[in-house]
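The chain contents come next:
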Amino acid sequence: GENVEQHPSTLSVQEGDSAVIKCTYSDSASNYFPWYKQELGKGPQLIIDIRSNVGEKKDQRIAVTLNKTAKHFSLHITETQPEDSAVYFCAASKSSNTGKLIFGQGTTLQVKP
Amino acid sequence: GAGVSQTPSNKVTEKGKYVELRCDPISGHTALYWYRQSLGQGPEFLIYFQGTGAADDSGLPNDRFFAVRPEGSVSTLKIQRTERGDSAVYLCASSFGATNTEAFFGQGTRLTVV
Numbered sequence: 029g030e031n032v033e034q035h036p037s038t039l040s041v042q043e044g045d046s047a048v049i050k051c052t053y054s055d056s057a058s059n060y061f062p063w064y065k066q067e068l069g070k071g072p073q074l075i076i077d078i079r080s081n082v083g084e085k086k087d088q089r090i091a092v093t094l095n096k097t098a099k100h101f102s103l104h105i106t107e108t109q110p111e112d113s114a115v116y117f118c119a120a121s122k123s124s125n126t127g128k129l130i131f132g133q134g135t136t137l138q139v140k141p
Numbered sequence: 002g003a004g005v006s007q008t009p010s011n012k013v014t015e016k017g018k019y020v021e022l023r024c025d026p027i028s029g030h031t032a033l034y035w036y037r038q039s040l041g042q043g044p045e046f047l048i049y050f051q052g053t054g055a056a057d058d059s060g061l062p063n064d065r066f067f068a069v070r071p072e073g074s075v076s077t078l079k080i081q082r083t084e085r086g087d088s089a090v091y092l093c094a095s096s097f098g099a100t101n102t103e104a105f106f107g108q109g110t111r112l113t114v115v
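Heads up: the sequence lines are chains A and B, in that order.
Following my numbering, the numbering of the first sequence begins with 29 at its first residue and continues without gaps.
Following my numbering, the numbering of the second sequence begins with 2 at its first residue and continues without gaps.
Not one of these hints is a red herring.
Derived EDC-like pairs: lysine to aspartate or glutamate, alpha-carbon spacing no greater than 16 Å straight-line:
id	chain 1	residue 1	chain 2	residue 2
1	A	LYS96	A	ASP77
2	A	LYS122	B	ASP57
3	B	LYS79	B	GLU21
4	B	LYS18	B	ASP87
5	A	LYS65	B	GLU103
6	A	LYS50	A	GLU84
7	B	LYS79	B	ASP25
8	A	LYS122	B	GLU103
9	A	LYS122	A	ASP55
It is worth saying that the hints were derived from the structure and are not from the lab.
Next up, chain A with everything else stripped away, as it sits in the complex (with noise of 0.2 Å):
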């Protein structure tokens, strides 16, 4: 069945570095692509998603890539903060119903003051 493989499970930076996450999905039908911010006993939370029409969007610190021909996408986040510490999910759905998504495993970042 459809399927999205997420890298790495946990993640630690110091602060001020970057960090990046990656997924491939299954379902060469799908063509959006959010990414969703978990902290704890809270629900995921849209921080950026991309169309498969367009290869990289960005904003602020954050940024996600898209490669249809490989079914890979990837989060960046540059300076990153002890605020960003959190569960981050990726996700991938057809435009068709965005809503119904079949989501990643999960990465936990951690940054260290």
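Since the structure of chain A is provided, determine the placement of chain B on it from the hints.
Just chain B, lined up with the frame of chain A:
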């Protein structure tokens, strides 16, 4: 607040009991989704409503799980004869429509079956 609201925040029930979990979506959002998140995992899709009707229930694990949305707003997820394996966080999300729109998640209901 204007976000997705889920009640209760926590629910502890005994094995074999029936439980109901409630979701209040963002006002005006026609699409509503239920997800289940086990410890250390990503959320897994359960069911999708467009208005009052369940348009896609392909993620419901078995017939002990059922959800309704009678007036196209509030939704209730119902679990019969609960099992310990049902323990998880149940998340609700809503969006303005189903196509090309962001899904907003609630904080979830943590269900523990003892």
